[in-house]
Amino acid sequence: MIFLGLPLYSVIHGAFTTDGGVLTFQNFSTTFSSAADMSAFKNSLLIGLWTALLGAGLGTWLAAAVLAGNPGGLVQRVVSSASGVLAYFAGVPLAFAWIATLGSTGVATVLLQHIGINLYSGGFTIASLTGLALAYTYFQIPLMVILITPALEGLRPQWEEAAQSLGASKLSYMRHVAIPVLTPAFVGATLILFGNAFSAYATALALTGGTIAIVPTQINEALNGNVIANQDRVGLALGVEMIVVVAFVMIGYWMVQSRARRWLQ
Amino acid sequence: MSTESTPLADPSAQDVGIAAAVAARASVGVNFKGVQRHFGDVAALAGLDLEIHPGELIALLGPSGCGKTTALRILGGFDHPDAGQVIVGDRDLTKVPANKRDMGMVFQAYSLFPNMNVRDNVAFGLRMRKQDKTVRGKRADELLALVGLSQTADRYPFQLSGGQQQRVAIARALAIEPTVLLLDEPLSALDAQVRHQLRAEIRSLQLRLGITTLFVTHDQSEALSIADRVGVMHAGRLEQLDTPENIYRHPATAFVAEFVGAMNRLPGRVGDGDEVQVLGQRLKLRNRNERPAGTAVIAMLRPEAIAAVPDSAGSGEVVERTFLGASVRMSVKLDDGQLVLVEEPSHADAASIGQRVGLRILAESTTVADAGE
Amino acid sequence: MSATGGNLGLAARGLGAIEPAPDRKKRRASRRRRPRLWRVTIFVLAAIYFIGPQLAAFKFSLVLSSGKYGLGNYGQIVQNSALRDALFTSLEISAITAVVVVVLVLPTVVWIRLRAPKLTLLLEGITILPIVIPPVVLAAGLEQLEGHSPQWLVSLVFNHALTGLTPFYVILALPFSYRAIDTGVRAIDLRTLVDASRSLGSSSFSTLTRVILPNVQTAVLGAVFLTVALCLGEVVIANILLYVTFPVEIIQVGQETGPGVQVAVSILSLLFVFGLLFALSFLAGRKRGATSTRLI
Ligand SMILES: Nc1ncnc2c1ncn2[C@@H]1O[C@H](COP(=O)(O)OP(=O)(O)OP(=O)(O)O)[C@@H](O)[C@H]1O
Ligand SMILES: [Mg+2]
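Protein chains in written order, with this note's numbering: chain B, 1 to 265; chain X, 1 to 373; chain H, 1 to 296.
I should point out that these hints are in silico values taken from the structure, not numbers from a laboratory. Hints are not guaranteed to be accurate.
[Stated by the list, open to error] Heads up, simulated DSS-like pairs for lysine-lysine below, C-alpha to C-alpha not over 25 Å straight-line: (1) X/Lys-33 x X/Lys-95; (2) X/Lys-100 x X/Lys-138; (3) B/Lys-170 x X/Lys-100; (4) X/Lys-133 x B/Lys-170; (5) X/Lys-133 x X/Lys-100; (6) X/Lys-130 x B/Lys-170; (7) B/Lys-170 x X/Lys-95; (8) X/Lys-138 x X/Lys-95; (9) X/Lys-100 x X/Lys-33.
[What the hints assert, rightly or not] The calculated label-pair distances, taken between Cβ atoms and stated as ranges, are: (10) B/Met-255 x X/Ile-87: 47 to 55 Å; (11) H/Ala-279 x X/Asp-219: 38 to 46 Å; (12) B/Ser-33 x X/Thr-134: 56 to 64 Å.
All C-beta atoms in this analysis are idealised placements derived from N, C-alpha and C, irrespective of residue type, glycine included.
So that you can see chain B by itself, here it is in the shape it has in the complex (with noise of 0.2 Å):
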């Protein structure tokens, strides 16, 4: 906790003062004009959003999918480890691969244009928005079957037989008891998800380098750019409104969770 909490205060601190120590607004004031830190927020939001929602219902399907086989088969493992590695690990590794799939000569871009289709001249480079959502997709979707898969587990398969007994067809076992009954879980799961693309730097920076506008792109250039003056407490000042941002997530999770309280032990 302390070593959580000491940096974060010392951003916090950071954010609010001069490099004298006296108390100010005017960091917050100059990330809310500068075009540059609001478009990153934008794409920033937009990539968690999107990445968010794609990861969560790609990744719920996958984990279904892989559930429904013999459980301790090749699959589930492969798929599990194969989770493990992507979700936690893979952030450096993973761009470089999207580089040499998609990249200006990678190999999924020279397939397409033996078939006539040619990305880059259609305006798509992989240091975009749309490139960098692909490539965050690829640790979103094992984000997620990680954290969805004990929820789809406790599906216990009596609720779908009993449902059957009742006169429930498939879609309606889904619809009546089924999706109500993850629910909680999975949109606690997206949230997080949304933290994790928000947040997340490592892919961007190796795949762009940095040149495409997200926070932590911001933040960095902020703190290490050594441009102007008073730089870092902006940074610092994007920091702290990051964390904001993250605090709501955390509140929108705390309020699933309590909702689904009221059935769940």
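Following the hints, complete the assembly by docking chains X and H with the ligands onto the known chain B.
Just chains X and H with the ligands now, with coordinates in the frame of chain B:
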């Protein structure tokens, strides 16, 4: 909590409840005809023939893995036979999916939908049948009254005890006016006291509603006490289907004899006529099956079919003695080393531990197994 | 009806929420297993999406700086001393972090499960924090701290990657390890084990090390491997604080030796971590009664 039981204890209230909750639906019979189900090379059902009469409660009893659950799931439509037919009433249901069968199913545990309160759980089947909301709410409440749980209608399943959950599950299964009620070890997750109560309740409800019921259990006292007839299964087949009394007193095969109740296996010899010689006494032999006179066999005798009489010249010695209240259970070690279990009504001059006793067989007949078995 | 008489409401004690595992397994298996179309579809799509880029990367790594194809880039990895040093630094950090994490987490999990189950929810909430708190913010804070720290602290802590990074990696690794170990502990009958061990006269310490640890060793290994994965992969904090760790060096190596080596290293490192986790899943599956190969 005893208030919860009043609807059941008061006949008039209950009859009203039943009349409203379960419309008169004629009881139907069930017929398994040569049903087979294989899992890989395991034959879970190896040609099961079982006829359940309309309105009857049949308990399926048998050791673990003998195919009880498989039989029940096939009747419920959750599993499908490789061969054979399942006939309910006069319809062949073999190919009908579970949600079109109108059968009430009660599982061992944890089958209530956690996201619905008790009332919605009970009303679920009616909702699937597109019944009006007020109608199904009313019916759910009536059924809850029937199982004595009116007060809990607004609670969620996790707020109920295990016994209450099972009662709700029963109400939920009954709400759809099922043609057949299926129960798969519905009491085995409960502790002993609740188990006994609920078992009596289930039986009483079943009798009142006259609903054809298949009750799977591995607890023999449960099967014997609740059922009209008990089916003892062994390795995917029905060994014997008979009243509890007959299953206990006159087991048709050695397997049934040994599986149901405690049993002594005593060496004997087939005599002339349908007779067998055991412990120096002659008994009628129930399953001679062409055995020639003089064949060595094992006679099956219940502990209560044998008495131990204190006798210093007796052939055995009491080595263990358990007082059970109304009866006393003793282990008698014969001079040839054989142990015999004896249970007799407790009385003042029963043998005590270490005492020499003579054994007397009270039964007139017995079932035997081949000596090699 | 008198047969059903009295005390109906005399309720049984609540049942545990966990259904006996074998039952689940049997029922799940009992569904007819046809290779359904939707399963096949998603596996194929997933395979293309997840394996495709790795294959592309592999092909890429075979292109030498001379333009020919060959395994030369993989040979260069071994010779690159900067990379090797960075790897050692990272491995050192990983090892220490892993030990610290297990020592911290295992007793906590056991204690919470035994004594304060109410805290479970709270802890699950806290363990999400490091996933969502932007590492870049953490790094920014650290840089601030470093700037304001007295000289002796800087030379003691911040001057070395080992001392500067380990505490924060511990923080980052805690939530994942907590989840992994908690999953393992949940699967054993902790109370009985502890009571049995206590009644045989063990101290708390030996109960923990001799009784609980062997029973959750797969989960602990899982936590260790995830921690290692995390330490080998974390780049943001290290980069901002200007420490040269393995992943940072991977990025930099591209500028020196060309992208081929860079990609080759990342493929190897991915495979390495995947191998660790995959091997672990077999260990987990071999255990008697294990119903799930889930590690995390
Ligand atoms: N889905 C399945 N896959 C493979 N084998 C199965 C499956 N379901 C049941 N079996 C096998 O079929 C046999 C009968 O199983 P069943 O569940 O009917 O037994 P049971 O009599 O209900 O036993 P218990 O008293 O333990 O519940 C067993 O040998 C079991 O292993
Ligand atoms: Mg069974």
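Evaluation of the provided hints:
Between the alpha carbons of X/Lys-33 and X/Lys-95 the distance comes to roughly 14 Å, so the proposed pair stays at or under 25 Å and holds. For the proposed pair X/Lys-100 and X/Lys-138, the alpha carbon gap of about 24 Å is at most 25 Å, so the pair holds. Between B/Lys-170 and X/Lys-100, the direct Cα distance comes to roughly 12 Å. Compliance with the 25 Å bound is thereby established for this hinted pair. Simply put, X/Lys-133 and B/Lys-170 have alpha-carbon atoms about 22 Å apart, close enough for the 25 Å limit, and the pair holds.
Distance hint between X/Lys-133 and X/Lys-100 is fulfilled; the C-alpha atoms sit about 22 Å from each other, no more than 25 Å. The hinted pair formed by X/Lys-130 and B/Lys-170 meets the criterion: a straight-line CA distance of about 16 Å does not exceed 25 Å. Only pairs whose Cα atoms come within 25 Å are accepted, and B/Lys-170 paired with X/Lys-95 is accepted, the gap being roughly 17 Å. The suggested pairing of X/Lys-138 with X/Lys-95 is violated, with an alpha-carbon distance near 34 Å, which exceeds 25 Å.
Between X/Lys-100 and X/Lys-33 the CA atoms are separated by roughly 21 Å; this keeps the pair inside 25 Å, and the hint holds. A beta carbon spacing of about 53 Å between B/Met-255 and X/Ile-87 agrees with the range 47 to 55 Å that was offered as a hint. Checked against the hint of 38 to 46 Å, the C-beta distance between H/Ala-279 and X/Asp-219 comes to roughly 44 Å, which is consistent with it. Between B/Ser-33 and X/Thr-134 the Cβ separation comes to about 60 Å, which falls inside the hinted range of 56 to 64 Å.
In summary, the structure is inconsistent with hint 8 from the numbered list given earlier, while agreeing with all the others.
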